[in-house]
Amino acid sequence: MISERNTHRFMLVPAALLLILFIYLPVLKGATMAFQSYNMFDLSNLHFNGFENFINVITNPDIRFLQILGNTLVWVVGSLALQFLLGFLLAMLMKDPFKGRGLYSGLVFYAWALSGFAIGLTWAWLFNGQFGLVNDIFIRSGILKEPVGFLSSPRLAMISVIIANVWYGIPFFGIMLLAALQSVPGELYEAATIDGAGRFHQLFSVTIPYIRPTIISTTLLRTMWIINFPDIIYAMTNGGPVNRTNILATQMINKIFKEYDYGQGAAIGVIIMVLLFAYASFYLKMSSRKEGDV
Amino acid sequence: MIKKSLPERILRTLALLLFLLLAIGPLYWIFVTSIKGPKEIYTWPLRYWPENPTLESYRKLFSFSSFGRYFLNSITISLCASFAAMMVSVSSGFALSRYKVKKVKGRLLLSLYFTQTIPTFILMVPLFTTLSKMGLIDSLPMLGIVYVATVVAFSTIMAKSFFDRIPASLEEAAMIDGCSTMQSLFHVILPVTLPGMAAIFSFAFINIWNELFLAVMLLFSDEKMTVPVALNSFISKAGISWDVMSAGIIIALLPTMLVFGIGQKYIVAGLTEGSVKG
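In order, the protein sequences belong to chains A and B. Going by our numbering, the first sequence opens with residue 65, and the numbers climb by one from there. Going by our numbering, the second sequence opens with residue 418, and the numbers climb by one from there.
Looking at chain A on its own, in the form it has when it is part of the complex (with noise of 0.2 Å):
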């Protein structure tokens, strides 16, 4: 048995060999950066900073952090809610069986394959603010009456990354949770109508707690990818116009491969990890999962 054990810590090797190179320890040297002075430009005087580069991330006023967490805030929580939404909704109606269910979830899903990037790119001409189908639909069903620059209206430009994302987001959502509602027990639902529940009333005492568990995993995984791809902001506004777009990521590239500032960049990098850190904690307490259960 005790050569068994020992095959097994060997077959971990080239996973925790490829993990502990090229994540584990750049992570730490990223985390180390954080402190450093460390910019492109001024390599020769590289040299241990404490937390001045934090300091400079959030109190430098051309940076307007606050202003950066909340646009972080509102893409996350509006890009999460609606995918969600949208995706249990979807889910729902394919339930049941159709003619062509198959196909449909093909055609439906499909853009779970797709790049964040691709996705920003194809959005981004379809905000278009000349010749954007939306603008065309929305002229030609007399919503607007001339063309609207959604990208580049403070006003509009945040709605319009959600609206991209959500699009995004909704396959993934879909597929979780379809296949989550088709585990539901049927006999669950036939006891609950003998008991006179209607619709609605099963909905929120039996569907939704049975699949808690798949919802808890899903919504938390999807949070750190949303926070961590910035793929589609990049693409399409790259955080303007004026800073209304701009989230913690891809204040982060533009530290990084605009300003060649490493050390602020990773000093952001930091902050997202520990936010995420401490939601990710808080998020399992209150939803009190079982350990080892994620």
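Any given hint might turn out to be false.
Claimed, not checked - Below, a list of computed lysine-lysine pairs in the BS3-like style, where the Cα atoms sit at most 25 Å apart:
id: 1; chain 1: A; residue 1: Lys-163; chain 2: B; residue 2: Lys-682
id: 2; chain 1: A; residue 1: Lys-349; chain 2: A; residue 2: Lys-93
id: 3; chain 1: B; residue 1: Lys-550; chain 2: B; residue 2: Lys-641
id: 4; chain 1: A; residue 1: Lys-349; chain 2: B; residue 2: Lys-519
id: 5; chain 1: B; residue 1: Lys-682; chain 2: A; residue 2: Lys-159
id: 6; chain 1: A; residue 1: Lys-159; chain 2: B; residue 2: Lys-421
id: 7; chain 1: B; residue 1: Lys-456; chain 2: A; residue 2: Lys-209
id: 8; chain 1: A; residue 1: Lys-349; chain 2: B; residue 2: Lys-456
id: 9; chain 1: A; residue 1: Lys-163; chain 2: B; residue 2: Lys-421
id: 10; chain 1: B; residue 1: Lys-550; chain 2: A; residue 2: Lys-322
id: 11; chain 1: A; residue 1: Lys-93; chain 2: B; residue 2: Lys-519
id: 12; chain 1: B; residue 1: Lys-641; chain 2: A; residue 2: Lys-322
id: 13; chain 1: B; residue 1: Lys-641; chain 2: B; residue 2: Lys-477
id: 14; chain 1: B; residue 1: Lys-519; chain 2: B; residue 2: Lys-550
id: 15; chain 1: A; residue 1: Lys-349; chain 2: B; residue 2: Lys-520
Simulated from the structure, these hints should not be mistaken for laboratory data.
Starting from the known structure of chain A, arrange chain B on it as the hints suggest.
Just chain B, lined up with the frame of chain A:
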């Protein structure tokens, strides 16, 4: 189950059609844009079907840049890295599934979930500085290895959940018949989990094919670009119009849509039964 009335069924059908329209509308529009001539794109009001469909934008895409080269790079790196990720996570997922020490196992799993909180951007600069010191930068195979590492945590979680569903008695029986752990894995367990393997492969392929920022950071020669990097460079390059961009987007979407189309059943099973179990 409560029987549904006729108006309710009609309402459901309408809602399903609306979701379908919303899902395929954007893709349709990009496709139509890609087969319109550059003049027709900028005609107002818009035409929902091209008057003179043309493949001109696709020709331009491939002659304007070495798009064929980038496509080949992306295909090669995605196929190789996904295959490697699948192999590695079969090994680690199986070991984790059968590992008996609860406490260690819990910690290992937690460390895998932890990777999901890490923004790629915090890894990028350290990876860049380390790899460039070692002279391993601007290399597609190296980027491929980094890609394997970025998907291996989640793939392992998926693989573990698949193996959890297979009773240990199956391989114990094989071991009584004289198989080693490895032999029983290959001859007894893996054949049963082929759908799971397909799911892990597809999931890795989709993620790797779509990755943009690591490639931007770790590659710099033009002939080594991947498809997303090429699209990204189109944004800043003056003179690229939306017809060519749309053609690029369509080409970029094809491989993952193909993988999703073929592997959809497995991906769905893999994601739902696997990583995010109810």
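Structure-based check of each hint:
Distance restraint check for A/Lys-163 and B/Lys-682: the Cα-Cα separation of roughly 17 Å lies within the 25 Å cut-off, and the hinted pair is therefore satisfied. Using a Cα cut-off of 25 Å, the hinted pair A/Lys-349 and A/Lys-93 is violated, with the two alpha carbons roughly 30 Å apart. This hinted pair checks out: B/Lys-550 and B/Lys-641 have alpha carbons roughly 20 Å apart, not beyond 25 Å. A hinted pair counts as satisfied when its Cα atoms are at most 25 Å apart, and A/Lys-349 with B/Lys-519 qualifies at roughly 21 Å.
Distance check on the hinted pair: B/Lys-682 and A/Lys-159 sit about 16 Å apart at the alpha-carbon level, within 25 Å; holds. For the hint pairing A/Lys-159 with B/Lys-421, the CA-to-CA distance comes to about 13 Å; that is within 25 Å, so the pair holds. In summary, the hint linking B/Lys-456 to A/Lys-209 is supported, as the alpha carbons are separated by about 24 Å, within the 25 Å threshold. Distance hint between A/Lys-349 and B/Lys-456 is unfulfilled; the C-alpha atoms sit about 58 Å from each other, more than 25 Å.
Note on A/Lys-163 and B/Lys-421: the hinted pairing holds, with a Cα-Cα distance of about 16 Å set against a maximum of 25 Å. For the given pair, B/Lys-550 sits about 22 Å from A/Lys-322 by alpha-carbon distance, which is consistent with the 25 Å threshold. Simply put, A/Lys-93 and B/Lys-519 have alpha-carbon atoms about 30 Å apart, too far for the 25 Å limit, and the pair is violated. Proposed proximity of B/Lys-641 and A/Lys-322 is supported: the alpha carbons are some 22 Å apart, at most 25 Å.
Of the pairs offered as hints, the one joining B/Lys-641 and B/Lys-477 holds, with about 20 Å between alpha carbons and a cut-off of 25 Å not exceeded. Simply put, B/Lys-519 and B/Lys-550 have alpha-carbon atoms about 40 Å apart, too far for the 25 Å limit, and the pair is violated. Of the pairs offered as hints, the one joining A/Lys-349 and B/Lys-520 holds, with about 20 Å between alpha carbons and a cut-off of 25 Å not exceeded.
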